[in-house]
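Undergrad: The lines below spell out each chain.
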Amino acid sequence: MSQVFTIAGAELRLMLRSRLAIVGVATLLLLSAIAAVTSATQMAAAAKMRAEAQIATDQQFKSQPDRHPHRMVHYGTYALRPVGPLAAFDPGVDAFTGTVVFLEGHRQNSATFGAARESSDLVRFGQLTPAFVLQTLAPLLLVFLGFASVARERERGSLRALAAHGATAWAILSGKALALCAAAALAMAPAFAALGWAAIQQPAEAGIALLTALSYSGYLLIWVLVITAVSALAASAQGALVTLIAIWAVVVVLVPRAAAAWAGVAEPLPSRVDTEFAIAADLRRIGDSHNPNDPHFAEFKAKLLQKYGVGKVEDLPFNYRGVLAQEGERLTSQLFKDYAARAGAIQLAQSDRLTALGLISPALAVRRASMVGAATDLRTHLAFLETAEAYRYNMVQKLNALQATAVSGADDSARSKDPIAERRTRISADFWKEVPDFRFDAPTASRRAAGMIPSLAVLALWIALALALMMIASRRLERNGA
Amino acid sequence: MTHILREMWLLGRSRSAIWALLLLAVCASASVALGLASVARDRAVIDRMLAGQVAEEAALAAFVEDAGSGAYYGFQPTWDPPSDLAFAALGSRDIAPAVLRVRALALEGQIYENESSNPELALPGRFDLAFVAVYVAPLVLIALLHDLWSGEREAGRYHALAALPRARRRLWTSRVAVRLAGVLVALLLPFGIGALMAGTAPLRALGFAGLITLVCLLWTAIVLVVARLGVRSAVNAASLAAVWFALTLVAPAGVNLAINAGVPVPDGAALARENREYVHAGWDRPRDRTMRDFLKVYPQHEAGSAIPPTFHWKWYFAFQHLGDLHVAEQSQAYRDGIARRAEMGRIAGWVLPPAGLAQAMSAMAGTDVTAQLDYQMRIRAYHQRLREFYYDYLFSEKPFGPQELARVPRFDPAIGG
Numbered sequence: 021m022s023q024v025f026t027i028a029g030a031e032l033r034l035m036l037r038s039r040l041a042i043v044g045v046a047t048l049l050l051l052s053a054i055a056a057v058t059s060a061t062q063m064a065a066a067a068k069m070r071a072e073a074q075i076a077t078d079q080q081f082k083s084q085p086d087r088h089p090h091r092m093v094h095y096g097t098y099a100l101r102p103v104g105p106l107a108a109f110d111p112g113v114d115a116f117t118g119t120v121v122f123l124e125g126h127r128q129n130s131a132t133f134g135a136a137r138e139s140s141d142l143v144r145f146g147q148l149t150p151a152f153v154l155q156t157l158a159p160l161l162l163v164f165l166g167f168a169s170v171a172r173e174r175e176r177g178s179l180r181a182l183a184a185h186g187a188t189a190w191a192i193l194s195g196k197a198l199a200l201c202a203a204a205a206l207a208m209a210p211a212f213a214a215l216g217w218a219a220i221q222q223p224a225e226a227g228i229a230l231l232t233a234l235s236y237s238g239y240l241l242i243w244v245l246v247i248t249a250v251s252a253l254a255a256s257a258q259g260a261l262v263t264l265i266a267i268w269a270v271v272v273v274l275v276p277r278a279a280a281a282w283a284g285v286a287e288p289l290p291s292r293v294d295t296e297f298a299i300a301a302d303l304r305r306i307g308d309s310h311n312p313n314d315p316h317f318a319e320f321k322a323k324l325l326q327k328y329g330v331g332k333v334e335d336l337p338f339n340y341r342g343v344l345a346q347e348g349e350r351l352t353s354q355l356f357k358d359y360a361a362r363a364g365a366i367q368l369a370q371s372d373r374l375t376a377l378g379l380i381s382p383a384l385a386v387r388r389a390s391m392v393g394a395a396t397d398l399r400t401h402l403a404f405l406e407t408a409e410a411y412r413y414n415m416v417q418k419l420n421a422l423q424a425t426a427v428s429g430a431d432d433s434a435r436s437k438d439p440i441a442e443r444r445t446r447i448s449a450d451f452w453k454e455v456p457d458f459r460f461d462a463p464t465a466s467r468r469a470a471g472m473i474p475s476l477a478v479l480a481l482w483i484a485l486a487l488a489l490m491m492i493a494s495r496r497l498e499r500n501g502a
Numbered sequence: 045m046t047h048i049l050r051e052m053w054l055l056g057r058s059r060s061a062i063w064a065l066l067l068l069a070v071c072a073s074a075s076v077a078l079g080l081a082s083v084a085r086d087r088a089v090i091d092r093m094l095a096g097q098v099a100e101e102a103a104l105a106a107f108v109e110d111a112g113s114g115a116y117y118g119f120q121p122t123w124d125p126p127s128d129l130a131f132a133a134l135g136s137r138d139i140a141p142a143v144l145r146v147r148a149l150a151l152e153g154q155i156y157e158n159e160s161s162n163p164e165l166a167l168p169g170r171f172d173l174a175f176v177a178v179y180v181a182p183l184v185l186i187a188l189l190h191d192l193w194s195g196e197r198e199a200g201r202y203h204a205l206a207a208l209p210r211a212r213r214r215l216w217t218s219r220v221a222v223r224l225a226g227v228l229v230a231l232l233l234p235f236g237i238g239a240l241m242a243g244t245a246p247l248r249a250l251g252f253a254g255l256i257t258l259v260c261l262l263w264t265a266i267v268l269v270v271a272r273l274g275v276r277s278a279v280n281a282a283s284l285a286a287v288w289f290a291l292t293l294v295a296p297a298g299v300n301l302a303i304n305a306g307v308p309v310p311d312g313a314a315l316a317r318e319n320r321e322y323v324h325a326g327w328d329r330p331r332d333r334t335m336r337d338f339l340k341v342y343p344q345h346e347a348g349s350a351i352p353p354t355f356h357w358k359w360y361f362a363f364q365h366l367g368d369l370h371v372a373e374q375s376q377a378y379r380d381g382i383a384r385r386a387e388m389g390r391i392a393g394w395v396l397p398p399a400g401l402a403q404a405m406s407a408m409a410g411t412d413v414t415a416q417l418d419y420q421m422r423i424r425a426y427h428q429r430l431r432e433f434y435y436d437y438l439f440s441e442k443p444f445g446p447q448e449l450a451r452v453p454r455f456d457p458a459i460g461g
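Listed in order, the protein sequences are those of chains S and R.
Heads up: take any position in the first sequence, counting from 1, add 20, and you land on our numbering.
Heads up: take any position in the second sequence, counting from 1, add 44, and you land on our numbering.
By construction, these hints were calculated from the structure, which means they are not laboratory data.
Even for Gly, the Cβ is constructed at its ideal location relative to N, Cα and C.
One or more hints might be untrue.
Not everything, but these chain S residues come out facing chain R in the computed CB check (under 7 angstroms) [as the list claims (entries may be wrong)]:
no.	residue
1	95
2	136
3	143
4	344
5	466
Construct the entire structure; sequences and hints are all you get.
TA: Given below as structure tokens:
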């Protein structure tokens, strides 16, 4: 064991003497610090802006004047997706989805205004965030620091000297890997400090932060093991470097992009217009409120009249128009829900393909774990959309109920011709205050932790594979007489 | 010629070189195939929308009773067809909608709608030929050329080779030419096939191929400078990878941060909310004030502008449009902010040539931010035509029925309005 530490110590001293290594580590630490600070300020600003906008929109709704309740159905309100608890560490998909949904009657709008559509063409890949530094930049730094660790010794013939001192091949490789681990720990420090800072501010997130730190440590451990093994297996330091850069490019850059493109083609998602047309066609089939002879609404009316034992809608004890609006909203909302569930299932299936491809690229696995932990993944966004839709439905139905009970049917049917009746259909502004504020909570920490498990399992598998590769390298080294 | 043939033979004998070129060719082919598939999907979305519109209009024709209900319920399709080069540089087509249906209501509440898409697929960026040319090809060039001189030196052959008469032309030039040609063939062959399948205009295809060649020439020059100066192959490879890394990944990300911090874009959500406030306050605002404000913009409708004390569509559509005018400045500032960021990105492209060439590719393919803003302007122009078509009916109180519905102006993807 002491041999391992001696070898690691020697390797670290060598790194400290290498200008290339010092410059590389310093650059990474600097980038990492810049990323941590800018990401934290940006996300704090976004969080503040969205929270304030949510309060403002809720206030605006409550301070509307006396109105016909159906006016309020169209006035609607906005739901803003709050910034995820660890979004400063990993903003995930935050920039690539809209952040605001307009909620109104009869319609289901998309989330609009995301940062990606407000940026230049300069980068699509790689917003400078702590997560990006750890996923993409840190492995390449480790490649630069470690590619020559064993290959250099062999080229100089000093492996034999080490063996003569009684060092086994495994001890040599472990020592080299340990030194690289120390460098990796240093490289992770600023990003982990950002994570720790977030955890201090939100103690409930401490467990998730720890799990996230664990997945990144595992990810970089995979790189350390693979780099050391390749350095031992390659014929020359140059060969090791070229191989490792190729592996990095494939694992970190190529596979994630190709995987996303492939998932999109393999699981095609219907467009918004496709869905709108399908819903319109369904509505024409099951119940069209525009059609006076529509069988569904004719039956609805007949049942209602029968239930209250009256001959015409004017004799009902409530405003028939409000009840009709409720039934119409019930039908459309059910369809919105069904189609959204279908689209959500397709998107989750696409993302599941990415998780499966984590078997080829651990970068995909760690990205997934990180986003799920930070509540900045697809599933959280879909949950937000679902919450917004449920809120929309409840708000609209509450307003439709007010139309049924607080607005007289006679006034309601005369309002487009009689200004006095129209005045009477405006109900008190106090009613708007009864509509609750919109609120969305990210999935609980324990649910997110559970969501991280598949990715963590993939990372564990990769650690095992990398260890096996190092064992193969060690055996080769032993056999070839070091 | 014999030098070229010899270098080709040598290249063929290097297993790692063949692997690198093969990987590049596979990536380029896959990117072209995926790009063509993505463009075909966009086209299919547009076609399905135009086909489905027929049923929508038939349904509307069954209950339309006046110009107001036609304008209120009649959504009209607009679309941004992919260009003949879009398959090679998909740009931001995955995050900006290719189709949008609009109606004559306030446009600011409609124009920012997004396409439904999986953000986790947009996150890593597009896998298109522009990506392969700008990110992957340089790495292959580095792998092929970084040890051009140092490799021979390390093998102990350098002095013998350099002493050959006309070594520069006979040896190094032909070696570089053959390797660069290998990379270009791996990129341009799939591109050529894709361009044929997409029916790209020959001159445009040539221009795009020129950009790809420029990327490769740029990186060949960088690699040769480092390879000439450097002594050890491993140091060359490490320095070149660091240069690649800085130029294609780190610097653009840093510049992007600086641009976003330095060029503020007004809060779009606040703009949309302000539009809604003004539109809905229209119900309670004095009616003659609404009509007066509207007639300032549309004096030609003065004659038919009298409204009853109850609801009338012309009053309704008047305050819808006033809502748009109310936030016109904010809306312009929002677009200007985005355009300014795109502009700064282009300027940065002159300092960061790989990023500059990538932007030139998406600009040529009409898939960049500027193209998205252009599409929005075409939607605005069309929306104006659509509104004004209905204003004519509303203010003249001409009858409007299914026959008039068929005369609604159609969107023209080339000019919009």
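Undergrad: A separate judgement is required for each hint: does it hold in the structure or not?
TA: So, going through the hints one by one against the coordinates:
1. Interface restraint check for residue 95 (chain S): the shortest CB-CB distance to chain R comes to about 5 angstroms, inside 7 angstroms, so the restraint holds.
2. The beta carbon of residue 136 (chain S) is positioned within 7 angstroms of a beta carbon in chain R (closest approach about 5 angstroms), and the interface hint is therefore held.
3. Taking 7 angstroms as the C-beta cut-off, the interface hint given for residue 143 (chain S) holds, the closest approach to chain R being about 5 angstroms.
4. Taking 7 angstroms as the C-beta contact cut-off toward chain R, the hint placing residue 344 (chain S) at the interface is violated, the least distance being around 16 angstroms.
5. The beta carbon of residue 466 (chain S) is not positioned within 7 angstroms of any beta carbon in chain R (closest approach about 22 angstroms), and the interface hint is therefore violated.
Consistency with the previously given hints fails for numbers 4, 5, ordered from lowest to highest.
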